[in-house]
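Taken in sequence, the protein lines are chains A and B.
So the first sequence is numbered by full-length UniProt numbering: it starts at 1 and just counts up by one.
So the second sequence is numbered by full-length UniProt numbering: it starts at 1 and just counts up by one.
Derived by calculation from the structure, the hints in this document are not laboratory data.
Note that the structure is predicted; figures quoted are calculated from it, not measured.
For glycine and all other residues, C-beta sits at the position ideal for the given N, C-alpha and C.
It is possible that some hints are incorrect.
Stated by the list, open to error - Reference listing, derived: stretches of chain B covered by chain A, where coverage requires no fewer than 3 residues with Cβ under 8 Å from a Cβ of chain A:
no.	stretch
1	287-298
2	649-658
3	748-754
Claimed, not checked - From chain A, some residues computed to sit far from chain B (all C-beta separations above 10 Å):
no.	residue
4	C301
5	E398
6	M578
7	S675
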Amino acid sequence: IMCASAKYNTRGPALIPRMKTKHRIYYITLFSIVLLGLIATGMFQFWPHSIESSSDWTVEKRSVHDVPVVKLPADSPIPERGDLSCRMHTCFDVYRCGFNPKNKIKVYIYSLKKYVDEYGTLVSNTISREYNELLTAISDSEFYTDDVNRACLFVPSIDVLNQNALRIKETAQALAQLSRWDRGTNHLLFNMLPGGPPDYNTALDVPRDRALLAGGGFSTWTYRQGYDVSIPVYSPLSGEVDLPERGPGPRRYFILSSQMALHPEYRLELEALQAENGESVLVLDKCTNLSDGVPAVRKRCYKNQVFDYPQVLQESTFCVVLRGARLGQAVLSDVLQAGCVPVIIADSYILPFSEVLDWKRASVVIPEEKMPEMYSILQSIPQRQIEEMQRQARWFWEAYFRSMKAIALATLQIINDRIYPYAAISYEEWNDPPAVKWSSVSNPLFLPLIPPQSQGFTAVVLTYDRVESLFRVITEVSKVPSLSKLLVVWNNQNKNPPEDSLWPKIRVPLKVVRTAENKLSNRFFPYDEIETEAVLAIDDDIIMLTSDELQFGYEVWREFPDRLVGYPGRLHLWDHEMNKWKYESEWTNEVSMVLTGAAFYHKYFNYLYTYKMPGDIKNWVDAHMNCEDIAMNFLVANVTGKSVIKVTPRKKFKCPECTAIDGLSLDQTHMVERSECINKFASVFGTMPLKVVEHRADPVLYKDDFPEKLKSFPNIGSL
Amino acid sequence: MQTRKKYIFLAFLASWLLLFLFGGDQLRRFPFFSARKAEAPRSWPRWTDRSLLKSFADPEELQRDGDPPLLSPRERRAAWLSIYRSSRCRMETCFDLSRCERNGFKVFTYPLERGQPVSETYSKILSSIERSRYHTARPEEACLFILSIDTLDRDRLSGHYVRDVDEKIRGSPLWNGGRNHLIFNLYSGTWPSYAGELGFDTGHAILARASSDSRTFRPGFDVSIPLFPREHPQRGGDGGWLRQDSLPPKKKFLLVFKGKRYLTGIGSGTRNALHHIHNGKDIISLTTCKHGKDWEKHKDTRCDKDNVDYERFDYQELLHNSTFCIVPRGRRLGSFRFLEALQAACIPVLLSDGWELPFSEAIDWGKAAVVGSERLLLQIPSAVRCIHPERVLAFQQQTQFLWDAYFSSVDKIVHTTLEIIKDRLSPHRSRSRFLWNALPGGLLVLPDFSTHLRDFPFYYLHHGYSPSKKFTAFIRAVTQAGSLSQPILRLIQAVSGSQYCAQIVVLWSCEKPPPPSGKWPQSSVPLTIIQGRRKLSDRFFPFGAIQTDAVLSLDEDTSLSTSEVDFAFSVWLSFPERIVGFPTQSHFWDAEQGRWGYTSKWTNELSIVLTAAAFYHRYYHSLFTEYLPAGLRELVDGLAACEDILMNVLVAAVTKLPPIKVTQRKQHKEGVAQRAECGDGAAGTPPAGQRSPSAPRPAPAGAEGTEGSRRFSQRQDCLNQLAEWFGYMPLVPSQLRLDPVLFKDQVSVLRKKYPSLEKP
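If we strip away everything but chain B, and leave its shape as in the complex, we get (with noise of 0.2 Å):
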């Protein structure tokens, strides 16, 4: 078998060659070949007065730009404004800036009317808006407006469709032409055109709207959302389907759909020719033709047998093993798929010509979905197929972080649409693209806090940077006493022996005033005293006087050793987006009480480190201070000892990691009964549950003593309060601990850099 083929196999390239030698000669004369040999390609002349060739433009004119224009630029300016109106709104001719310079960007959300129907989902965009740091309840300090009217559902043939909304709006004060409002809308137009009608006049306001069509989008003016469902979780959210980073794909579908097909009708041109592409195999396109009353009456041909077909798969299943989805446009642009098969990281492929991609003013898609031309259906699976497998890995993850930081809540789509707002507001003070489209997100960066990714801990291996190699320390005294304590001494020096240290900050939260200059200890190292305003999170507030990245948070009792400090930044310096410390505790779920469950026992896993003594970046002062809503914090203010779960939830939130523990020597605190409080209890920190080395207690550290046991109720009431905010529990669990290379090994003493952390 194996010979004859090798046989005939030869025989024809013998064949071939002859021919080729004895009949190429004739062959060679053909226009064919003489053609591509001779000149091939044919390229562009090189003229022989190319260098004489005058240029486009003298530079005089280039420089000069023509005549001076007849309108001064104000006069221009104020044309615009009567020119680009409505359909050609952009925020220098529609948008009223002004209002914004005075008072920041403050949003002022209508108040409802009795009796007026809101839908559940518009409700949940309303008390986003409230519950975002921007909300204000005056309208007179306010920049952006938003209408009470439910406006998201304007196809006249919904039950949700509000009339008269045209005189609704005419009869408020605030409307102003619609200057300053933002509108949000999910359906606009109707059956049979689905032309994007919203039914009353928008006048100036800007739109945030879901299946937004390019064409008529306001480019820099209009923000195009996501279609979310009613079940939309109002915050929190959760967390996309990618639990693993397989290459190649392990997915047993490559492309899938499984969706209406339109007999009729606008979009059926695309969903009519999806059942094309299915190959039964790893290509699977389902659709059905049962949907709408009157189906039967447009049944063609292939209706019984895809109805049949459509049943054998399961929509949930799809898009759990499929690499890619399509995602075509429905009646409408954007289609609930979309967000669906974000979540899935199941990868999108658009099927939707024309449509506005949610968020694309700052969202890069290229990075996260393939984007299709409906009419290039059939070229997509060779597509997809090409696609390299890590690039496949990274487009998936792209899925799961895009959902994660933009959509997976509405608190997310709200305020991602009000950032992206803010942005414009003052170009030079916002996100670059590369902001929005890397981990963490737009929404956990801000540009007030500075818009060069330096400063931020997050971009460190982005662009090759690594963070100062200083830190401050920052301890917050609370002492009532008149003279300074003996730990407050030795923290100062022992801090201040760390070479890393840059600068000593105290925080005097206390009533008396702190001690004068000269009582201080002479240190190497600078050091301020900042006056507190005596409220716990005013730990966290974003002192100017906190110069470097890395910040050593301690309390005054905090009693550390400096190489204890000099090993916990070297860690840090690896870690710079983690909160790195000593202390720690960890929560859990109690599934009996069916809340969470916290604990300073002494235990195998850790998820809290205790701000008494840890290492963070500067940053999360900003962002504990400016991004979290006012409310979060006033619940930290009334709660004692809360302020560090807060900072711990906040950090996990934003980095989805555990923090971590470093070796520490035993005694962190020292002299906790004999304390003396400085002000009233909700003020100052109570004594600290902190367990006695000695004697571990398998029982929570501060059961007894009443004072303890508050503290302790107060710290679970505190985390649950807290879960409940963010909508989940964003504290992440870690089994280890990080000790010096060479910790209690057998080896010499003399060897080692830390020797000093092994003393019991």
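The shape of chain A in the complex, shown without the other chains (with noise of 0.2 Å):
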């Protein structure tokens, strides 16, 4: 079975060897593919015409009047109550989701139809703008699919979201003659105002048996957790009226209170609160003396004074959401859109896609029997958590509620997710506002290990022909006691290496990999040779690093293992004169570079450079012969957020800018490139993940005045 996810290609880059029996497999599979064909083709000369009659869909303008009718007869069977004990694995069927490459499940919605009793009346209104609405995105999704047969989850078309506006047990017939019902497995219905008077239950009341419920108002007594969706009550107005996004900032009341339909004793409480603590909190009710026309359900009232509805949210930092005569209600969707702070006070209530949102980040909630202490309680949030939740829930309003779409496609992931759970969103793409998303990182080395030093590192030298030199350092890097293994990344294709024989003689392992091209990429490519979680990238020349500071830095990894731990430091500067970033290699009391020239770096870094560069940064620096270590630095500091860590006094070094300290000639092109691969690298990551540190380290009793001999690293700085 193909796996959606791309396999790492675990050889080198066109490594020159093992080439052979990858060209057997293409033609082996290219055959394959041909006969599969010709197999295929001669098939459908005898493919059975089941496809359905696509009749009533191939029309292209037609009107909700048009769609058929069916009449119930009055003893149609109705389904099973809904029945409470019903989990994914006991009432679901997932062998109709199956395993496919996508982990995605295939949606089906059954054809709108008109439904009548027996005497002609109507059962329901065929459809509302809302449903309509939901259906359609789900049509346009990649959920759907229109082969009932390939289909894993069913959605009726009939409308539920309104109980009141349904005749309960003729609705419940209508979906037992569903085509595919089957006890209504794998069907999904939608409903936002369940439960009618009296008692407004917090489930639909119409008979649906297994099938799943996403519902509006469901209390932890009827909420199946894991099989049923709590979804939002959808506010029309979200459509109508456009609240800009407020900033963070001061807002003229704390606590707002703008429901119409509240229990007196609420409302008691509510007022209560006012008369304590003053203006600060608003308690509005509807109005009573409107000129007509002027809709109701935009206006609020109090006293004398008039406020525009949802307008008037927006001045609250907090907004009250208290329960109705259902447990779901509208203003929720309201108050979010409005960048206020939702304070639910609804007990049993389960919250909009509460499987996924935390609501915690987002809203305060508050045991009904704690409603006189709800001033306190708010009074002790900080003013920066505060605006965090404002700015959470506005992102919670447009990800999840703002239109029909957002809620169906939020319910079906959700399902989804379920099924493919190890394909599932995760916590963070559900909850993270863009903003948060777009700052934060998530370190993929986030457990604070050390690794053993036993392990040891991988010494990777990359080299062109400069062979005197770089048995040099073969020689030198070979005398480090936790050295383990040594790569040479041969990069010339037009001269061999040399002989076995004339290789120095080492106590590791001395390997010699061939690359297909000369690119500097290759230095980064995560080979299987390595298998220690160190690398030590060092050039051909590098010749000056003492054993003593070899081990050091190799120490210095361990306890920082996700960082790039290097030796020469470069730092980048903003110049103002020119708006842009510059390159610095002057004697700086900052660093935010390392040279990947001699440093100490975790092998999964070399999966990122090689896998997941972003942009066009690795074809770039191969094109160019420059910047790769840059890149390195970039790639390493976005990912982590950390800084590098340089180790041990300076030192000269063989490099093109380096000669500048030497007092030659500065090699100026060389530094303009370093500065135009910052600038380049910093569009293309979007921001400036470098980061500025003052220290470096060295080892704890560093020309601390104490015998030589007695200290661990004795030979560090010496030249």
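From these two lone chains plus the hints, build me the complex, please.
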């Protein structure tokens, strides 16, 4: 079975051997494709004409009034009532969903019918505007299938959004006669206003057997955790009124209540709060003396003052969302839209999409009994947190409340995540607003592990043809106690590496890999030969580092395995004159990069560099034969949010720009090019991830007045 | 060979193309093609009159929300209490919140009755509660009650089954129908149905049980706990087995299982099928029929061969060498295997339909385990093969984090249970799901301190925050003298010279009142004096006066220069979760004496930074005072010079990382010997065993002089007692020191930002 995930190519970048078998496999696959094609073409000759008649779909321009009418006999079957013990593993048929590479469920929508009873009276409104929008959204989504045989989930076109607008028994009969009903297995019903007077049950009263319910007012007693989906009650005002997002900052009222139909008991408690805390609390009610033509739903009143609704919500920091007859309230949507932090007072209410949304970040839930303490509870929340909750509230509205489409897709995604849990959307993706997603980092090496010293490191030397200097580097590096393997990346295609017998004899395995092209990115390829976590990237001319310095560098890396730990440090600066970034290699008090001519890092970053480098940076580096180290610094800082660690004092390095320190001619073009790299990468990353620090790492007793022979790393900083 | 193949291939291709070109016309007429082409895919119609459709509810109806209900909220809540009981219990109907309001969250354990059998595991649970900071010995102030009757094993066939629990409970005056009680249970139900019955009436009690079934689990009321073995350690606990983060996961096997196959009865459906996915290469799934007395009676044709294969692999070896581990249900839903896999960083693949996963209220298992479906066993191999290597690595790390944060000891399991219940009592002061699932874990994050991520030292990177760029200097003064000593004056001057210093707080831990405000030096930053209670642990009390994220903790005789402070603070900004400071000490394992040793010698390593001169996050004051049990603070108050070790141990236990040492000019303490003590020895700080840097001594610094050696041995005792308390040694050694970038480099002093640090 094919995987959706692209498998990493674990072989080298087109390494020269190991080609023949590959070709053979290609041929065999090609042959089989051709063969299969032939068989398939032949099969079509005998393909049964089984596709259902699609005549009613073909008509492009049709009215809802024209849909076929179905008459329900009075004695047609009624489904069982909903089964409260249903869970995915008991009532849902997963076999219908199957394993597929995209990990997407397929959703089928029944075609629209008009249901009438024996006497020709309508069972319900054919379809509401919202339900039509919802079905359109599903139909446009990638979940949709028009093939009833391939579907995993079925959505009836019978509109049950509002229980008050339908006849319960007849609607149930209509459901039961759906072609694939099968006790409601894998059927999904959307309901926002459940229950009716006087009890107002918290789940749809229509008998629905095993069908899943996406309901808008569940209580903990009717919600089947992991089976049903709790959805918001859509507020049609969302579509009508445009409330632009309001920035953080103080708002006129601290607490606002805008609901019209409050139980008098609640109203009394709210008014008590208002009396106690004065003007910062505002309790609004419906207006009694509005002139004709003014829609009552768009106005609220306090004494004689008239306020526009929902605009007034933007004037308050917290907005009370109390339960009414039902638990789910459309006002929640308005409140979120206004960026007002909802204070939810509705015991046992299952908040919308609570399976995936972390409501603690966007709302305050207060038990009904604690309503009198509301003011002090809210006062204890720090201002910064309130601001974040406001942004979070607005984001929840934008992502999951603003339209029927948003509600439908979130519902389907939740069900999808249950069926393909290993491909599920993460907490962060559901909950982090774009601004947070943008500014936050999720370190792939987040566990604080100090790798065992015994593991050692692999030195990777990139070389072209400087054999003599290469051999010196090999000899020097091999003296480092923790070296476990040495890998030479032979980047010269025109010349063979020296014969085996000529290489220095060292105590650890030495491997040479030959590359297909002379590319700088070959240095950062995750070669299988690298078996340790730690990689020491070292140039073939770095011979000035002592064994103590390298060993110490490795020890420092062990304490910071998610960072680049290197020797020569560099800095980026903002050039105010030119209004762009500038590369700096002078003796500065700060560092933000280390050169990868000699640096330790985790092998993980080789994967990132090779497969996850954003934009065209990798190709750009290969084309320009420069800045691979800057790219690596950007990559690591961007993914970890952490600075580099420079180790040990400054030394003379043989690198083009270091000549400046020697007082020799400054390689101007090189510096300009490096500066360009920084600007280019910053624009590709969309940010400047590099972190500037003022410290470097030295051994604990470095330069301390202490006998050298007792120091672990005496030979540091010597030239 | 090659060419021939090529020709064959070309011939095929050509014939295929021909067929399509010439036969295409006919083919296209077939419904398969035509249907797809003409109108594929048939989507939901765009009704011409869609804009005229009525809304599902008119706005009035939505805002009015039906008729006002007949019952008032109060009446409704009262009615609930009678309807929603026992199997439908929720916190609002079965739990008396008012009990917790008066004295906070206090837990009372029933006293053990004589002759009452209590299993080893249950006594561990009880002692975990007694060690917790929530424990109270007085039932009248308790919010939560724990029975002393062992309810762990409720399998009637088991030897640990306690009889007549009903009678025993009813005899207790505190039982109150089970209200505010918490009942722990690991095994419930019995052969053959394992239906989960406990064999006594639990009334309104909260159940913390293993193998919870999602259908009977009362959400938001019960707590699902993991099944753990008798030998599970009381505290501390072994770390996870993941030693390195490798990508792709370098494990020998992809997916393994080794365990019993049930031939009959509940759970046999899944266990009986497991052998199907065995491929002998990277998927090892071995089962045995050999269990129970009469296995041969039910034995089938596979048994003999399976039993032979079964012996070929070792369970522990498989656990160590596999990326994924199948954790199927046994007779019950949960199994020991789950925690074993978690510890081994072998990603659990759960095949236990309907299992309410441990602490599911808090833990996001989707980040650490693959929740499979028993019915889709055969898809599991392909599904796990398709998980990206980076995701696998993230899963592995998450298993280790969860294991270490919530499961590795009985203490952690019990405390997590308590914290989950505590969080429900005041939802607005509880941990968000994020906090439970990110390092360092929910137990170490106190919602009473703050519910805002930015106030903690752990989440700066997660949300793109950074710590505030100011610090509070916190000086502990113990001198007896009526006037201020020279060192403290100099210290105040040096510290207030730092551009990052927001305020200076002096903790006056002396009987004599502090000098009047006129006597204190004038400085550019506000200076606050707090009268301390003369306890050593006082120094880490979360004083409201400390307003900045960073605290610079100082002794009055510490000598620091402004640039040392500046540099150290700039380092702290990079490591806000660690202690960053100047003088350091280290610990080591003394194999000869079989205990931890402590040294203040010059060594190549460090693991303790003295809080006489150190930066750390102010949250650690709260953690020190609120999180640590009172007993530990009493221990510190009793021993001289232990509080800074405890602080280091605490921070290391939280971060798993060593502290950071920064460059220091020599001389850190002045007039050590001459310093006058205030109060008795226990309350004051005896002279520091700080070595004189000019003459480094190989022997423990304080070895000479009785005062010094007493202090030295006390610190060593302290270290060992703390390791005992924590159940392991949290301190982590480091081999490095952070210096300014140009420290002692051969470059002009004028170029250097911190030249004064180099002065001898």
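Here's how the hints hold up against the structure:
With a cut-off of 8 Å between beta carbons, the stretch 287-298 of chain B has 0 residues touching chain A; three or more are needed, and the interface restraint is violated. Here's how the stretch 649-658 of chain B fares: 4 of its residues keep a CB closer than 8 Å to some CB of chain A, so the rule of at least three is met and the hint holds. Remark: the stretch 748-754 of chain B is confirmed as covered by chain A, as 4 of its residues place a Cβ nearer than 8 Å to a Cβ of that chain, reaching the required three. The claim that A/C301 is not at the interface with chain B holds, since no C-beta of that chain comes within 10 Å of its own (minimum 14 Å).
Even its closest Cβ contact with chain B, about 19 Å, leaves A/E398 beyond 10 Å, as expected for a residue assigned away from the interface. At roughly 23 Å from the closest C-beta of chain B, the C-beta of A/M578 stays outside 10 Å, upholding its exclusion from the interface. Against chain B, the non-interface label of A/S675 holds: every CB pair exceeds 10 Å, the least being about 20 Å.
Violated hints amount to a single one, hint 1; each of the other numbered hints is respected by the structure.
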